[in-house]
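Novice: If you want the building blocks of each chain, they are given just below.
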Amino acid sequence: MTETRVSTLSVTAASAGWWKVLFENPPINMYDPGVLRDFQDLVAKIETDPNLKVVTFETANPSFFMAHIDLTQVGGAAATDDPASSTAPGPTGLPPWPDVLVRLEQAPVLTVGVLRGRARGVGSEFLLALDVRFASQELGILSQPEIGFGFFPGGGGMERLPLAVGRARALEIIAGGEDFDADTAERYGWVNRSVADADLDAFVSRFAERVAAFDKPALAATKELLNKRVRMAEPADLEATQAKFFQVSAGPLVAGHGQRLFELGGQTDGDMERNLGDRLLEMQG
Amino acid sequence: MTETRVSTLSVTAASAGWWKVLFENPPINMYDPGVLRDFQDLVAKIETDPNLKVVTFETANPSFFMAHIDLTQVGGAAATDDPASSTAPGPTGLPPWPDVLVRLEQAPVLTVGVLRGRARGVGSEFLLALDVRFASQELGILSQPEIGFGFFPGGGGMERLPLAVGRARALEIIAGGEDFDADTAERYGWVNRSVADADLDAFVSRFAERVAAFDKPALAATKELLNKRVRMAEPADLEATQAKFFQVSAGPLVAGHGQRLFELGGQTDGDMERNLGDRLLEMQG
Amino acid sequence: MTETRVSTLSVTAASAGWWKVLFENPPINMYDPGVLRDFQDLVAKIETDPNLKVVTFETANPSFFMAHIDLTQVGGAAATDDPASSTAPGPTGLPPWPDVLVRLEQAPVLTVGVLRGRARGVGSEFLLALDVRFASQELGILSQPEIGFGFFPGGGGMERLPLAVGRARALEIIAGGEDFDADTAERYGWVNRSVADADLDAFVSRFAERVAAFDKPALAATKELLNKRVRMAEPADLEATQAKFFQVSAGPLVAGHGQRLFELGGQTDGDMERNLGDRLLEMQG
Numbered sequence: 001m002t003e004t005r006v007s008t009l010s011v012t013a014a015s016a017g018w019w020k021v022l023f024e025n026p027p028i029n030m031y032d033p034g035v036l037r038d039f040q041d042l043v044a045k046i047e048t049d050p051n052l053k054v055v056t057f058e059t060a061n062p063s064f065f066m067a068h069i070d071l072t073q074v075g076g077a078a079a080t081d082d083p084a085s086s087t088a089p090g091p092t093g094l095p096p097w098p099d100v101l102v103r104l105e106q107a108p109v110l111t112v113g114v115l116r117g118r119a120r121g122v123g124s125e126f127l128l129a130l131d132v133r134f135a136s137q138e139l140g141i142l143s144q145p146e147i148g149f150g151f152f153p154g155g156g157g158m159e160r161l162p163l164a165v166g167r168a169r170a171l172e173i174i175a176g177g178e179d180f181d182a183d184t185a186e187r188y189g190w191v192n193r194s195v196a197d198a199d200l201d202a203f204v205s206r207f208a209e210r211v212a213a214f215d216k217p218a219l220a221a222t223k224e225l226l227n228k229r230v231r232m233a234e235p236a237d238l239e240a241t242q243a244k245f246f247q248v249s250a251g252p253l254v255a256g257h258g259q260r261l262f263e264l265g266g267q268t269d270g271d272m273e274r275n276l277g278d279r280l281l282e283m284q285g
Numbered sequence: 286m287t288e289t290r291v292s293t294l295s296v297t298a299a300s301a302g303w304w305k306v307l308f309e310n311p312p313i314n315m316y317d318p319g320v321l322r323d324f325q326d327l328v329a330k331i332e333t334d335p336n337l338k339v340v341t342f343e344t345a346n347p348s349f350f351m352a353h354i355d356l357t358q359v360g361g362a363a364a365t366d367d368p369a370s371s372t373a374p375g376p377t378g379l380p381p382w383p384d385v386l387v388r389l390e391q392a393p394v395l396t397v398g399v400l401r402g403r404a405r406g407v408g409s410e411f412l413l414a415l416d417v418r419f420a421s422q423e424l425g426i427l428s429q430p431e432i433g434f435g436f437f438p439g440g441g442g443m444e445r446l447p448l449a450v451g452r453a454r455a456l457e458i459i460a461g462g463e464d465f466d467a468d469t470a471e472r473y474g475w476v477n478r479s480v481a482d483a484d485l486d487a488f489v490s491r492f493a494e495r496v497a498a499f500d501k502p503a504l505a506a507t508k509e510l511l512n513k514r515v516r517m518a519e520p521a522d523l524e525a526t527q528a529k530f531f532q533v534s535a536g537p538l539v540a541g542h543g544q545r546l547f548e549l550g551g552q553t554d555g556d557m558e559r560n561l562g563d564r565l566l567e568m569q570g
Numbered sequence: 571m572t573e574t575r576v577s578t579l580s581v582t583a584a585s586a587g588w589w590k591v592l593f594e595n596p597p598i599n600m601y602d603p604g605v606l607r608d609f610q611d612l613v614a615k616i617e618t619d620p621n622l623k624v625v626t627f628e629t630a631n632p633s634f635f636m637a638h639i640d641l642t643q644v645g646g647a648a649a650t651d652d653p654a655s656s657t658a659p660g661p662t663g664l665p666p667w668p669d670v671l672v673r674l675e676q677a678p679v680l681t682v683g684v685l686r687g688r689a690r691g692v693g694s695e696f697l698l699a700l701d702v703r704f705a706s707q708e709l710g711i712l713s714q715p716e717i718g719f720g721f722f723p724g725g726g727g728m729e730r731l732p733l734a735v736g737r738a739r740a741l742e743i744i745a746g747g748e749d750f751d752a753d754t755a756e757r758y759g760w761v762n763r764s765v766a767d768a769d770l771d772a773f774v775s776r777f778a779e780r781v782a783a784f785d786k787p788a789l790a791a792t793k794e795l796l797n798k799r800v801r802m803a804e805p806a807d808l809e810a811t812q813a814k815f816f817q818v819s820a821g822p823l824v825a826g827h828g829q830r831l832f833e834l835g836g837q838t839d840g841d842m843e844r845n846l847g848d849r850l851l852e853m854q855g
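These protein sequence lines map, in sequence, to chains X, F and G. Per this note's numbering: the first sequence = residues 1 to 285. Per this note's numbering: the second sequence = residues 286 to 570. Per this note's numbering: the third sequence = residues 571 to 855.
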């Protein structure tokens, strides 16, 4: 297969032990089949590099970390776009995207989300599968807006969000579909910490440089052991939720709300996507 | 059976999808057999209304959300007051009050507590069984004061409190019997959020109107799925705790402390009930 | 065996129901085989005193609550120093130190940590096994610095830390080896509460006096029941982690970092121990 596509994930080695990954998929960093392929390629490299200890994930677009799933791809297109790399179950036996996230959880390196801009739906779910999450106090926004589209979080959100924030706050987040700022997300445990934007890069660098300086066997043993000690998303649960998610999202209700999002200017960089939390009810109209 | 009793729970439909429930049981909103019956009636309606999506629970008395169990009813009276509706196990097979709470947890609508005033003992336990809890920053007070009476939280408190706040904070709360303000309760995860009293009604309305505007199948699927994914109070545990709770509370120790509460002016709207946290040790005298 | 050693744990009975334990092991309150023996003696007394209800643990050194394990003792010496009291499995069947901690968790009294100064490694792990933890806002410092030495938390840290703070924050803490102040520790759930140092003693006294005034059967029933309801560190996990911890810490990597700590002035009261968080990377040099 000839591959001329430029990856949406560019990797810079800050050092042998620390990779900085920059996500860029204009105009609003949506998740689509190409993004999935890029993550599949990247995870394989992360798993096997002998010197790698920490990977930070940042956005090239300070307004959007990862907007949400490309709705033109929901319900079939995303699944059939590139069978060879996209739809076959991954090494974990899970569907492609849950497979990527579980492999990141199990990889012998520390994964760190650096949140600027909006991480809605799959963006939140991606962050929840990372080991550590730091957010810009001014720019970070988190949301699970699926209820406004007639469905509910897939991609492990139903499993990992309540593990991070508890049942009551998970229900508030999912049933309300509201935008949450970084300070509230910190209080809820959705992110580890909300950091003033001017300090965030230095804060992340200090943390990543420390992790990269320590011994990999100690880090790998820590993650391996901790993963056995804590409750994590169960593969069977991830698979069951994913199946139900695609079943519900293939229905006419979701198609109608999705159509309305396009009419309102969604999936472009405009007021609808920037203020989706405030305007989520308009999709019911 | 002729029923002329006025319900302690008045229901106003803010819309087809949102019921506002106001609790009023003068003088201090105690829990008693009549309150139990009213909840039993209400839950049956909540479970079956096809259009209902969200129910908010507020107090008519800004000083007392739900004071505590009526101690004249503990140890027998509460259980025999009205056999037909009060003591028979409910549809879940659990005793009446745990049955009500588990049914609220499982109902395909979102339940929201709006805390003003004191929610002690059963009041806290009721809130803990709701899906979401918002508290007035100035007026909300939470407590599990049972230790001052010689027993420990029943009604699911022993199960749901540590799920919300963790072991260390649950032990601090239960062993100290202290009053907690809303900001501390938010930091502990006892409530979702502490909101300035002047903003609380608007905050709750915005949230409830959103939930009521979204699609019921998505909401129902969310709760059903999330309830399978998170740790919840186990029916067998609820039943075992409840049995032990009634066994201990029937003893002379509890009777003595209860008698002392009456001598000190408890169960009326006065300083003892308003400042029970500060004055809990006086019941030892 | 003649025992002329002065205990590192001095006990003062503030009342029949409240013991104040002061830890003093100059110069920096390290954990060593003598400390273990003192804890073994103390726990046996705590378990059997009929009137005791609450035990508070404080430090005689406001700069160090418990610095860390004495590295001259890791890898063998600590285990063989005094076979009769130190290495035989305790009544729980666990190795000595995990045995002490599990017995404190199960004892029918409330244990309360009062954190001033640095609690690193075993110091943090000791606090995590206590029922309740209060910290001085200005003086309290928590850390799991093991990664800087080439290993990972033993002593139940791998089990109890994520139960208290969740997976993401546990990984941040363990992989970064950073010092955490009391306010951050409160937000993370590492301590119950951060209290201004000037108010901490009065705060702790109020709490301990309350617990000591209530009925012991209610307190004992609370702990017994709550311990069945919440997830706790599993004995089999504690044992497996401990075995792996001693295996890794016996290796050359840890010996090298430990040697470097001594060269840098560690294990004495100086800048290295006071600022271990900032200087942890120097041990790699």
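In case anyone wonders, no lab produced these hints; they're calculated from the structure. A hint or two may mislead.
Only pairs whose alpha carbons sit at most 30 Å apart, straight line, appear in this in silico DSS-like list of lysine-lysine [to be verified]:
#, chain 1, residue 1, chain 2, residue 2
1, F, 513, X, 244
2, F, 513, X, 228
3, F, 513, F, 529
4, G, 798, F, 529
5, G, 590, G, 786
6, F, 330, X, 244
7, G, 590, G, 814
8, G, 814, X, 228
9, F, 513, F, 305
10, F, 330, F, 513
11, G, 798, G, 786
12, F, 529, F, 305
13, X, 216, G, 615
14, G, 786, F, 529
15, F, 305, F, 501
16, F, 513, G, 798
17, X, 228, X, 244
18, X, 244, F, 529
19, X, 244, X, 20
20, F, 305, F, 330
21, X, 228, G, 786
22, X, 45, X, 228
23, X, 45, G, 814
24, X, 216, X, 244
25, X, 216, X, 228
26, G, 798, G, 615
27, G, 814, F, 529
28, X, 20, X, 228
29, G, 814, G, 798
30, G, 786, G, 814
Nothing here was measured: the structure is a model prediction, and the numbers come from that model.
Novice: State for each hint whether it applies.
Specialist: Cross-check of the supplied hints:
1. F/513 to X/244: Holds: residue 513 of chain F and residue 244 of chain X sit about 14 Å apart, inside 30 Å.
2. F/513 to X/228: Holds - the C-alpha atoms of residue 228 of chain X and residue 513 of chain F are around 21 Å apart, at most 30 Å.
3. F/513 to F/529: Status holds; Cα separation ~27 Å.
4. G/798 to F/529: holds, 14 Å
5. G/590 to G/786: Between residue 590 of chain G and residue 786 of chain G the Cα gap is close to 18 Å, so the pair holds against 30 Å.
6. F/330 to X/244: holds, 28 Å
7. G/590 to G/814: This hinted pair is violated, its Cα atoms lying about 34 Å apart.
8. G/814 to X/228: holds, 14 Å
9. F/513 to F/305: Given that 30 Å is the threshold and the Cα spacing comes to 27 Å, the pair holds.
10. F/330 to F/513: Given that 30 Å is the threshold and the Cα spacing comes to 24 Å, the pair holds.
11. G/798 to G/786: holds, 19 Å
12. F/529 to F/305: violated, 34 Å
13. X/216 to G/615: Violated, at roughly 43 Å.
14. G/786 to F/529: holds, 16 Å
15. F/305 to F/501: holds, 18 Å
16. F/513 to G/798: Holds. Residue 513 of chain F to residue 798 of chain G sits at ~21 Å (cutoff 30 Å).
17. X/228 to X/244: Since the Cα atoms of residue 228 of chain X and residue 244 of chain X sit roughly 27 Å apart, the hinted pair holds (cutoff 30 Å).
18. X/244 to F/529: violated, 41 Å
19. X/244 to X/20: The hint is violated at about 34 Å.
20. F/305 to F/330: holds, 13 Å
21. X/228 to G/786: Given that 30 Å is the threshold and the Cα spacing comes to 37 Å, the pair is violated.
22. X/45 to X/228: holds, 24 Å
23. X/45 to G/814: holds, 28 Å
24. X/216 to X/244: violated, 39 Å
25. X/216 to X/228: holds, 18 Å
26. G/798 to G/615: holds, 24 Å
27. G/814 to F/529: Roughly 41 Å between the alpha carbons, so the hint for residue 814 of chain G and residue 529 of chain F is violated.
28. X/20 to X/228: Roughly 27 Å between the alpha carbons, so the hint for residue 20 of chain X and residue 228 of chain X holds.
29. G/814 to G/798: holds, 27 Å
30. G/786 to G/814: violated, 39 Å
In this structure, the earlier hints numbered 7, 12, 13, 18, 19, 21, 24, 27 and 30 are contradicted, and the remaining ones agree with it.
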